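Spelled out, the chains give:
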Amino acid sequence: MKEFFLYIYKKVKESSLAKILLLIIFLKFAMFYGFLKGYLYPTFLKPKYENEDHRSEEVIKKLLDNHNKTLKDDREH
Amino acid sequence: MIENIDFTLVNWSRGQFAMIAFYHWLFIPITIGTTYIIAIAQTIHVKTGDPEWERLARFWAKLFGINFAIGVGTGIILGLEFGTNWANYSWIAGDIFGAPLAAEGIMAFFLESTFIAVMFFGWGKVGKKFHLLSCWLVAFGASLSALWILVANGWMNYPVGMVFNPDTARHEMVDFWAVLFSPYAMNKFLHTITSCLVISAFFVIAISSWYLLKKRSILLAKRSIVLAATFGLLSSVYLAMTGDGSAYYVAQKQPAKLATMEGLFDGEEGAGLVMMGILNPNKKLGDDKKDFLFKMEIPKMLSILGYRDANAFVPGMNDLVYGNEEFGIMSAEEKMEKGRIALGALADYKEAQKNNDPQGMEEAELLFNEYYQYMGYGNLHSPEMIIPRKIPLIFYSFRIMVISGMLFIGVLLLFVYLSVKNRIENQKWLLYVGIWCFPLSFIASMCGWIVAEVGRQPWTIQGLLPTMISTSNISANAVIATFWLFATMLTVLVIAEYRIMIGAIRKGPDNLSTKGGPNV
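Chains P and G, in that order, give the protein sequences.
So in the working numbering, the last one in the first sequence is 91, and the numbering has no gaps at all.
So in the working numbering, the last one in the second sequence is 589, and the numbering has no gaps at all.
These are calculated hints, taken from the structure and not from any lab test.
Nothing here was measured: the structure is a model prediction, and the numbers come from that model.
Ideal placement from N, C-alpha and C gives every residue a C-beta, glycine not left out.
Treat the hints loosely; a few may be bogus.
Simulated coverage check for chain P against chain G, where a stretch passes if three residues somewhere in it have a Cβ under 8 Å from a Cβ of chain G [what the hints assert, rightly or not]: (1) 21 to 27; (2) 31 to 42; (3) 48 to 59; (4) 67 to 75.
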């Protein structure tokens, strides 16, 4: 197994295409996991909930808020 | 009318998801389909000992590798988006949606990632049979990854195997096998996977045709065309069969989508299938104007496709919106009323829970369960909302998909016939057609996704959760900013793919040895 991985390493070192592809994979995963998942999403984009109960309350609120608004609209018309 | 819904947020969230899914899909079909062509070529090599088949397998594996390396991970953004832009949906459906997505990750990681390394670097280094097994496992692994995400998507179109827990506001899975083996999901999986096989067949045919036109790598190109055209022809016939299955399940489970696909405003017994037509742009729901400016249809075919009965009644958009007593079709208004009862019962349940009133909770839960299947309708504010708004987009996309699919069968048949007769090299016009069919196959599959996803609107979960309720409580500006960020990132990746792939195609297979060693 070790021999096989050493062989892969040697062949990748010899091939410029393999090096470019590995660089793209590395940059992509650094961007996706490091920047997006590790920083941008939790810091700026992820909706903030205190815990799961809070989250479920918020979801039910959204379901029912719209429903109540629809009922109010109906009464007005 | 419903000021508490931020439609800028909803529309940009939808747009962002569609944009990323579009880019992601540029990589997927070649990843899934080419693996089978590589595995078949390598099988022929192992069986016959002919080194040219191995060279062929290695060349396509090289192009597959470029596509895989650049495309891998583009789906990660979609996964992250569920948590950021679609937090409500993720919470409500997470128990069901999460399981297939996790299974997809595991399958992708263990099967594809492990055996891809053996497939790429194992040529001449590991035993031939083990290497061949790795090629097939990569192919099955890629398809299995797709299975799980398509099961999740199938569930959104036809939700089964779950109950709604009013305590947590979540759909909870009670029957994993019902979700996995839902006929809608299975058919969707087969239809989508087969479309990937056809696209890959045209990927191989297009490049091989270019080599023949340039009079390069003649033997490899001719063998590649025979293999890909035969594989593509069988796949495209099966694609048509699963397309028929899709029409049947859509008719049963999503009649509004079917009516929109067909531009059918008023239902008919023995309805015809519109082969070609131009929709009347001034036609609106409920009016008396003509549906079409022009149309050519196959009599009774829509009834046969949708209901397996030449005289079956196919409901039109007006029947679904305003109801049709004669055929027992409930109006959207009635469904909305039932949905409001379900949501009212949910509100009562929460109120009783807050007041520690077990009897009130039990009564409310009983009422809720009775009307649960209409829950989503309670959030709609007009009956017309049950019809997807983009009728022309869905109607024309469906026709582009179907007509292209029929064209592909004819083109592939010609490729197989002329290859077997060894006359393919001289048919320049057909070689050009083969090249152009590759982008056309992508357009056709994109049209299929438009029909499936735009046609599902206004729902994220059919009948249970409208799209406008599924988004997160975040600023629309954040979604707009990330839209452009992702668009830029993914465009760079697509340009990289294009440049590296074109470079590798120009370089061609001539420098690939058959003595073992990696492809790269």
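Can you tell me if the segment 31 to 42 of chain P counts as covered by chain G, using C-beta to C-beta distances under 8 Å and a minimum of three residues? As far as the segment 31 to 42 of chain P goes, the hint holds, because 8 residues have Cβ atoms under 8 Å from chain G.
Can you confirm whether chain G covers the segment 21 to 27 of chain P, using C-beta to C-beta distances below 8 Å and requiring at least three such residues? holds (count 4)
Go check the segment 67 to 75 of chain P versus chain G for me, would you? Three or more residues, Cβ under 8 Å, otherwise it fails. holds (count 5)
For the segment 48 to 59 of chain P, does the count of residues with a C-beta closer than 8 Å to a C-beta of chain G reach 3? holds (count 6)
Consistency with the previously given hints is maintained throughout, with no hint failing.
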